[in-house]
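Novice: Build out the structure end to end from the sequences listed, making use of the hints.
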Amino acid sequence: MPDVVDRTVVRRRSVWTALLRKEWCEQRWRFFLATVVLAGLLAGLLRAQVVPSLEAEVLIYGPVGLILVIFLAAGPVAGERADRTWEFLVVQPVTRSDVILAKWAMGVLLLTGTMVISTMAGLVAMWSRGIRIMPFVHEFDARHSPEAFATWSTIHPALSLCAFAAVGTIALACWLTPLYLLLTRARNEFAAALGGIFLTIAVLLWLTQFIVLMARINYVDAAGANMIVKTGIAFVDDAGVNVIAWVVTAIWVVATILNPLSPFLLILAPRYATGFGLVLLVDLVVWVVLPLWWTCRNSGRLIGKWVDA
Amino acid sequence: MNTISTSPDRPVVPSAQPIRCSSKWANLVRKECLESREAAIAGLAIFWLVPAVLGLIELALVGRHDVLPFAWLLVIGAGWLYAVIVGAHTVCRDWGKAEEHFLLAQPVSPRTVVCAKLITGAALVAGVLGIAVAWDMMLVQWTASSALGIREVLMIISVACVMAAGFALAFAVAVMTRQMLASTIVATLVLLVWAIAPLLSSHLGRFWVPVLLLGGQRLSSAAPFVLVSFAMLAVSAAASIYYSTRKRVFRLGNKQLAWIAGLVMLTLFGVAMGEVGNSLHVRDQLMLPKSGSSAFGIVQTIQRGDHFLVAYGEYGPQPHPEMSGWFIEAFRVSGSGHIQDLRRTPIPGALPPIIFYSQTPERRWDLLTGFAFDKDGHMVVSGRRLRVVGALRLNGEVETLWRTTLVWPDGGEPEVLSHTELALPPGQSFTTTGPWYRDRDHLPRFSYLVAGAGGTNEELYVFDWSDGPNPGPRYIIPLPQGSPSVFVHNGDLRVTIGPVHFRDQDVLVADFDADHPETLLDKQNWSFHELREVNQTPWTEGFERFGGGDPVVDEHGDVAYLSDLLGLRVARQARPGRWEIVGESRASPLSMLFRLYPRPLALDDSLVIEQGARGIIAYDVSDPSNPKRIGFLNTPDLSWLGLDASLFTTGQYLVLHETDLITVLDRPGTRKP
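If you read the protein sequences in the order shown, they are chains A and B. In terms of my numbering, the first sequence opens at residue -3 and continues consecutively. In terms of my numbering, the second sequence opens at residue 80 and continues consecutively.
Simulated from the structure, these hints should not be mistaken for laboratory data. Mixed in with the good hints there might be a few duds.
[Claimed, not checked] Below, computed lysine-lysine pairings styled on DSBU-like, alpha-carbon distance capped at 35 Å:
id : chain 1 : residue 1 : chain 2 : residue 2
1  : A       : Lys18     : B       : Lys334
2  : B       : Lys103    : A       : Lys18
3  : B       : Lys326    : B       : Lys103
4  : B       : Lys176    : B       : Lys334
5  : B       : Lys176    : B       : Lys110
6  : B       : Lys454    : B       : Lys110
Specialist: Dropping the structure here:
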């Protein structure tokens, strides 16, 4: 019966539209505030040019971006629960997974919109003072090495801003998704914000360990024998060095996948440009697609139990 | 909490005897104390018990107790937050809830209730912190090797002021809003503004606690800070008492609070960027080496009007070492500030720079040492030819000094007018004395090389370029014992004895005119003195400031500009030998972070550029009594590479040369097309 199918499609689409519209009406002040603050900070720092543009991007998209994620993740469900509107919402003829997905989708849209507008503001600010290439002072022959993003950014500040913003958006979306799902347990926004802060600190601490690991990998690549001596394996031939390098690289891959914010670091590390696109893809699958799939599958039971607890 | 129930049909009988004021107060204070027990226990655990246990462990292990231990870090880091939360919680635990109506139904006025809360909360904070401080001071008094100094006393005063102000602010906002979150956030924001505002303005610098601690040698230096905190305390207490009787309450939702926090943050950030930013507009840039190559050994940029010439070395990527060589790049800065008429030519006759990884059999290479115009306007390039010594290609021995004069007409090829070589005496090991052309407008006549090594029996060889080809040294001057170093820079020759890497520490220098080497022959001219910037301009003795370092001076007739870490000062010569400061642009604490080794350069009567290791700063000095900061450009610190950024000026633009990059900037204060 094609007519019934069409009606179902139309109904589902209208439900989604209604849910998204509702979320937009409730969350738009967050979008405006986040955009004003993020764009103001980024544009101000880039226009003032008190630090090189890449440092400005890392400073703003990193810490302020994480605050933005907490700000966007803490509100949607906890606000409904604090205002006692969650019960009203779930008795509507929509599934819980629809509600959860609509809130997540609006969060990601707001995050993307904020990042896009902020980046455009940053470009305008950069242009308003003349886009400046910074002199390179570290290695004489590294100016033109294509894999070093930090080096490349000194010559192409505007492009590097766009690239860093794109990677930052993906990394922040990777963290927004699990954080949002975990914070559905919070009873009010204050508790959700506190939980978001603690979880983000935990992820950042894990990322710090990751930095240490990456430094060790660089050390193995640069001088494998020294690394081996340092780690206590005194007599290993070239094959042994290769094995250790492979093991450490495998650990690096796993560590990359296990941290949603790893793209922030990988783009700054000069040695891993080759597999960077693949890492981003895997990160998206692990931290966005899988949690959402799991949530939709279990929203009737587990999420419902969390929220109704 | 006990409540009295009354039946609706029986009116409440007023007490026959009025309640005494003292018992009212006693009851209220007792109630507040009982309700503050948790806060007191938490405060004592955090600020006294934990540091006390750690302090006793330290005492047991080390045998003494430091003047500034962990307890103080805790008080400084978290004390203000504790005071804010106690201030807000003292009010909001019943005010604004159902208990408020119960309290107001009692025969006490709201003002009395709020006063009792204020006194109890203040006593709680003072008690908790007082116990912690008293315990620590007791330990310090008994065990520390040094007693409390003026700095520690100032710190105690500043921490006490911040906490008192934070408590009073949170209390007042809580009375006005009856909201815990709102009062905590608003009080925190006010404290944040109080902490950051003095960073952003030199006028408010005296209110900044670290400056107070660094520069405070007297207790009176804390007076402005204490006065401000007392003012905040008084205003907050008055507002609390005034608003306690008002029924209208300011309700602040999450949305309003978030907007307030965001806008306060943006405002502070905007002011900060205005203070340290205001970047000069970049018109155009030029990167010197060809694509795929790298530049090094950039010798010099020279200028004639709006035409510029840069001499530099370049080496190609690893498979193409044949791309290496010495080059001159010429360009013109157009009226719109763009780099135009770009030309490039290899320096005729110069051997390419050595490539350490190259497998070519070359055993000799050239190193450029100078680039300047002579009095006829011809380009003069000078260098030294080195020979590889031993298996390592890193080490070289100077064989020859050479100098080439050339012209390069517009649209033509460079033409060599003359080439002179000075062969060095064989069997001697020579070390160089720095690039002797740098910052020179004219060509120097003499070249200097040090023969010998090890600090004993070293001699200074002076070569005269006017002596014709292949002359011997004009003078051979014995150097004093004690590992001397010789630097020739900007027309000055400086002989240094002592650890040259540590400025101002046990370094003795003797200065000579590099164009008159005969003065070195007379031993009476060898007067060593301490290496200090003020020795360059003796009249600046007495113009040093605490925390500013030695001022660097640019003198122009009767006006001089003095730069140090604290800012730029304008001095005028009132009468011969007597200078007085007529104006100052004082750096704020934040902008001091972007000042390192500032050197003033007056471009004209209205513009001074201060060049330092962390950027260049432009000042409008058209009114000498009120110099104004009008521009800034962030530049990386090149001093650790032994390099320096060079600044040139055309009519409307500044041209900055940093390593391999040429940048054309707007000259502040000029109208652009």
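Novice: Does each hint hold? Answer for all of them.
Specialist: Hints and how they fare:
Using a Cα cut-off of 35 Å, the hinted pair A:Lys18 and B:Lys334 holds, with the two alpha carbons roughly 17 Å apart. Restraint check for B:Lys103 and A:Lys18: not satisfied, since their Cα atoms lie roughly 53 Å apart, outside the 35 Å limit. The hinted pair formed by B:Lys326 and B:Lys103 meets the criterion: a straight-line CA distance of about 23 Å does not exceed 35 Å. A C-alpha spacing of about 22 Å is found between B:Lys176 and B:Lys334, which places the hinted pair at or below 35 Å, so the restraint holds.
Of the supplied pair hints, the one linking B:Lys176 and B:Lys110 holds, its CA atoms being roughly 16 Å apart against a limit of 35 Å. For the proposed pair B:Lys454 and B:Lys110, the alpha carbon gap of about 93 Å is over 35 Å, so the pair is violated.
Checked against the numbered hints given earlier, the structure breaks hints 2 and 6 and satisfies all the rest.
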